[in-house]
Each structure stands twice: as C-alpha cells, then as structure tokens.
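For this one, chain A is given, so just place chain B on it according to the hints.
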Amino acid sequence: GENVEQHPSTLSVQEGDSAVIKCTYSDSASNYFPWYKQELGKRPQLIIDIRSNVGEKKDQRIAVTLNKTAKHFSLHITETQPEDSAVYFCAASKLGSSNTGKLIFGQGTTLQVKP
Amino acid sequence: NAGVTQTPKFRVLKTGQSMTLLCAQDMNHEYMYWYRQDPGMGLRLIHYSVGEGTTAKGEVPDGYNVSRLKKQNFLLGLESAAPSQTSVYFCASSRRHRAESYEQYFGPGTRLTVT
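These protein sequence lines map, in sequence, to chains A and B.
Numbering of the first sequence is given in this note's numbering, commencing with residue 1 and proceeding in unit increments.
Numbering of the second sequence is given in this note's numbering, commencing with residue 1 and proceeding in unit increments.
Derived from the structure by calculation, the hints contain no laboratory data.
Check before you lean on any hint, since a few could be wrong.
[Said to hold, decoys possible] Derived CB-CB ranges, DEER-like:
1) T110/A with R111/B: 14 to 20 Å
2) E15/A with Q17/B: 42 to 48 Å
3) K42/A with R96/B: 48 to 54 Å
4) E79/A with S18/B: 28 to 34 Å
5) P8/B with R51/A: 33 to 39 Å
6) S28/A with G40/B: 24 to 30 Å
7) L69/B with Q112/A: 42 to 48 Å
8) E79/A with V12/B: 42 to 48 Å
9) T110/A with S80/B: 32 to 38 Å
10) V54/A with R96/B: 44 to 50 Å
[Stated by the list, open to error] Below, computed lysine-lysine pairings styled on PhoX-like, alpha-carbon distance capped at 20 Å:
11) K102/A with K71/B
12) K102/A with K57/B
13) K94/A with K57/B
14) K68/A with K42/A
15) K57/B with K71/B
16) K71/A with K42/A
17) K70/B with K42/A
Just so we're clear, the structure is a prediction, and the values are computed from it rather than from any experiment.
No residue lacks a Cβ here, since even glycine has one placed at the ideal position from N, Cα and C.
One chain only, chain A, in its complex shape (with noise of 0.2 Å):
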C-alpha cells in the first residue's frame, strides 16, 4: 500500500526566514496531495493541497511544488510569522471514479517560528 516519509520531524526557524517540509511517497498512482495545519490542541485544517496534472500551486506565503517523476512533493512558506508554528501534516491519495477519498498522511512536521 501507499507509504509517505515526511521530513524533517522537528524544523525551527527565524521569523521572517523560509520554511521548507519535504514529503515522498510511494504509490505512483497517487494523484492528489494535500498539507494539513494542526496548532497547538486544535483539529488538522486543510491549507493548500495539489493534484498531479499541477507542478506548483501558490496561495500568499504558501506553495506546494510537486515531483511526479521523483514522487515527492514539498510546502513552502515565506516570509513565517509566529502564527506558522504548529504540526504540518502531508497526505497522498488517490482520485478516480473508485476512489475512497482515504487519505495516507505523513508522520508530521513541528515548525517553531521564533520571534
């Protein structure tokens, strides 16, 4: 079945300074990659996700880039602000008339912005 390796675990930068999380997966039927935002004692929350017809996506100081020969794809924020820091999560699935919607997360990514 479908494995994804988030890295890294732990990534501490300056406010102000780019974050980048790094994740690959292994089912090259995999055509769907969403990131998820999870603060402190809070639900995951979708923040930008990516289909593989697309090689970036762009909202504000988010991106998702995406190498499908590779099978990895990865989050960019610029710019971070204290508010950035929390878990990131990567996901994989897959997208089709028999799809589940299931998806394959990654082991998270803890992202401390230091004022």
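Same frame as chain A, now just chain B:
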C-alpha cells in the same frame, strides 16, 4: 453549522473495558473516517465509510469496530480496550470525490487513556 463533533472529549478506561466514540457531522457529507494520532506517527486511518451502511478497514483496524447506521453519524467501538489504544482519536468527513473540494473536515478529537 456545528461541522464535525465528537463525543466524549476525554475518557479514561481500564484494560478490558469497552466504549463507543460518537462522531456526528451536519454537512451532509458522504465519506467519514476515523484516525488515531500518536506522537511521531502522524494520523493513521482506522476505518472509513463511503456511505450509510458501508464501512471498510483502514491502516490500523485491529481492536476496533465501526458502524454507520445513519449518514450523519459514524461510531467507533473498542470492545476490549488495551493500553496500546491510548491515543487521540479524530473523526473526519468529506464530500464524495466527484465534487470540487476534497477537503476532509476534522472533529475536535477525543483523548483516550487506557490504564
């Protein structure tokens, strides 16, 4: 709309006891999921449902059972709790994947401790 709600928020069980976690959603979503979250292991799918009356196994189904008798509710049961089931449990729901959005909406979580 309340979104996705979970009952209870906290619970302490003794080994061998049973309990049921209730998830309810008021968004008319077809798909529902149960995850467990453990430190360093991300979110792992326990069971899921693509519609009323249907359930299927996820990545870590052993020791759990589920039922989806009504579209809006998804129940997770532990028949004989074990310390290894100490975790935070999240329920999530999403639309059928022919819709525009593939976002999973999470509940607030249930923190379960088995002693």
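query = What are the numbers of the hints the structure violates, in ascending order?
reply = 3, 4, 10, 14, 16 and 17
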